[in-house]
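Undergrad: Residue strings, one per chain:
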Amino acid sequence: MSVLLLLTVFTDGVQISDIKLHAPLLAVAESLTNRSIAWPDWEQWKRVLQLQDYNTRVVMTGTGLLGMAAGLVGSFTLLRRRALMGDALSHATLPGVGLAFLLAPYLGLNGKSLPVLLTGAALSGIVGVAAILYIRNLTRLKEDAALGIVLSVFFGAGIAILTIVQQVPSGHAAGLESFIYGKTASMIASDAQLIAVAGLLSVIIIALLFKELTLLCFDEGFAGSRGYPVLILDLLIMALVVVVTIIGLQAVGLVLMIALLVIPAAAARFWTHDLKRMMLISSGIGGIGGLAGSAMSAVFPNLPSGAMIVIVCSSLFFFSLLFGRSRGVLVRIARRWELNRSVDRQHLLRGMYELLEARESAAGSAGISVPYLQLLRMRTWSSFRLLRQIERCRHNGLLVRNDDAGLSLTEAGVVEASRLAHEHRLWELYLITQADVAPGRVDQAADAIEHVLEPELIAQLEQLLEQQRTSGGVVASPHPLESSAGQRAAGQQAVSGDTSPPPVEKGRMP
Amino acid sequence: MTGTDASPVGDGTIQAADPIVRYREADQSAGDGRGVVVNVTLPLSVSDLTVAWHRKPVIWDVDLQVQPGQLVGVVGPNGAGKSTLLKAIMDLVPKASGRVEIFGQSYRQSRHRVGYVPQRESVDWDFPISVLDVVTMGLYGKIGWCMPVLSKHREIARRALEQVGISELANRQISQLSGGQQQRTFLARALVQDADLYLMDEPFAAVDAATEKAIVEILREMRKAGKTALVIHHDLPTVPEYFDSVVLLNMRVVASGPTKEVFTRENLERTYGGRLTLLDEATEAMRRRERTL
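Sequences listed follow chains X and F, in order. For the first sequence, this note's numbering begins at 1 and goes up steadily by one. For the second sequence, this note's numbering begins at 511 and goes up steadily by one.
Hints were generated in silico from the structure; no laboratory data involved. Among the hints, a few may not be true.
[Claimed, not checked] The calculated lysine-lysine pairs, modelled on PhoX-like cross-linking and capped at a C-alpha distance of 25 Å, are:
#, chain 1, residue 1, chain 2, residue 2
1, F, K662, X, K211
2, F, K723, F, K662
3, X, K142, F, K566
4, X, K276, F, K662
5, F, K652, X, K211
Owing to the predicted nature of the structure, the values given are computational and were not obtained by experimental measurement.
Whole structure, please, built from the sequences with the hints as guidance.
TA: Structure, rendered in structure tokens:
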């Protein structure tokens, strides 16, 4: 919805002065379209990076602390699967800002002071949460519908109220619209202090109730059975979200506040499986996002700071998505490659073992040559893949290449190959005898699983099947070997003792 | 007996609820046989329990007495309200009517004497937490609000993991566990509570044979120590082997009592086969009225 509004602003940019109804957005629209964005020179960068301005220091302290608090609180909302609640909540604060400005003079308060505006925002945010809970619990509507309704209704009402504010004669309401997209330029030291105090408060609450909140997020039912007040703990998380949202309104703006609550926590998840570490990383990412974002905003003063902060955070998110140590994309790809390589290696060694076994010489077969083409035909692997694997095994001292374009196992290779063949056959036997898999299909089935067998499981299999290793150290294959088919294809004479390969192979074995 | 004084159903107001009437008679005689003395110390006594979801009854007028030192199986088709029964006992879902007593007290008062093993699928096993952390959750009540988990608590948790046979997995992240290991983790978490009454929701669902054996062994040790367990179970053939008594549940209690007497083909057919048409119709009528309101 916010995006739509933004689009409207952009597309109608030409006749922007004609649109009276969007008055509160006009200032934003102007700052987005009318003013030119000068590329900053080196001096400007230096001023910001060296924190030469007092105001830059204030702003960066404030946004950094904000990001850290949001990262912590966001971890729990993410794990509680309530991430979107923060979005509805931040949108629900807008009417409060406008109403606080309108009503403050009647209460003898200054309508432009930040604490007054934020109190209004907090009250209206709380009403928003209450509305979500009411809709969810007392009607048959589900939570997503409740979130959608509250988000749009409150934001719409907020826009309407801000429009009215603009037309009030005593107005001077310039600046209220900065709550929508965030504007750090107006931040002063007392604002940073407010953020610091509120941030510290949420850190303390989370530290004290870490155990209880973790239990709630992991297993609500068990928490309830132990007598923990699930509803109150949920409300506490919501209250923390309200606090972080309120102190973030000024710097980030209500439209993008959700980003600071979700993105750091989601990014941190790629780096660790430990909740405490995840929260520290999330807090760090939020803090860096706040710091770097407000620095960028200081360099480009006409750009909304909320957008800058989100851009930095999302860059960190994509970095984590790719490079995250525990579940990043690259780590996963690397793990899959690693698995594929080890599968290929097992296929190669077991294949050689089976070919050698067919000549009844498997046990002491070190040094006996196996033709390359036979190995290539055993499986549907490309010669590139096979050659790469051969190189790898050769490097590990498991096999050697012979001059005749054949391969032979080393002593270590024989040991490893017989272990692999043994495990494969144990698994096949298990599938045939215990799992009723037809012997004809058992080779493939075993192939799919055996590569992840752990030593304990092998011991169990041996015990279960009461299989002793034969004199060769390997149980007999429970089905006719595939390799015999391959041998037929490669020419029977090659197996029957004549180890010289067909001439075609010479060219294919570099 | 708790059910007899509040028995408008038994008086024949709803004639189709005949099985309920018959059940009550059977239960009464069984109760007489065991004597009145045990009534106060019963680990679990449920009377007239009805739970409704949007006015649609999920369990209807359930009466249940669980004797101490027994392994009790709860059996019934999908949607029979087995999990709801456990949750209603622990005040996790609101009761439309009825009373639950645990060792003669309300659940709130006797909570520390009850251990709970939720359904394995009820949590997100991708949660960033270790096995040991999950098991120590069973001790949070003893540790108290805002207090940190100490090494002595972790020691208790480690012993429970040893008991369920997965002590070597203590520091493993829970997403790396197999189904059986997940179930053992949950069981260990219940064990550290050192409760007297255990409520278990399908602990045998989709576990390997070794885990099933380990769980049965632990249940028997519990019984030897005088503890009681109410276990939701779905594998009918193993019921007579595992459980001393059985509750056949299909919205209402079809039959309950010693497994030998109650676990009969006839009772099973009534539990799984024919549904109570009039009860269904009444439910449907209530839902229609709800919709038009």
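Undergrad: Does each hint hold? Answer for all of them.
TA: Do the hints match the structure? See the list:
Of the pairs offered as hints, the one joining F/K662 and X/K211 holds, with about 16 Å between alpha carbons and a cut-off of 25 Å not exceeded. Taken as a hint, the F/K723 and F/K662 pair is broken in the structure, with Cα atoms around 29 Å apart against an allowance of 25 Å. Of the supplied pair hints, the one linking X/K142 and F/K566 holds, its CA atoms being roughly 18 Å apart against a limit of 25 Å. For the hint pairing X/K276 with F/K662, the CA-to-CA distance comes to about 20 Å; that is within 25 Å, so the pair holds.
With a C-alpha separation of about 13 Å, the suggested pair F/K652 and X/K211 falls inside the 25 Å cut-off, and the hint holds.
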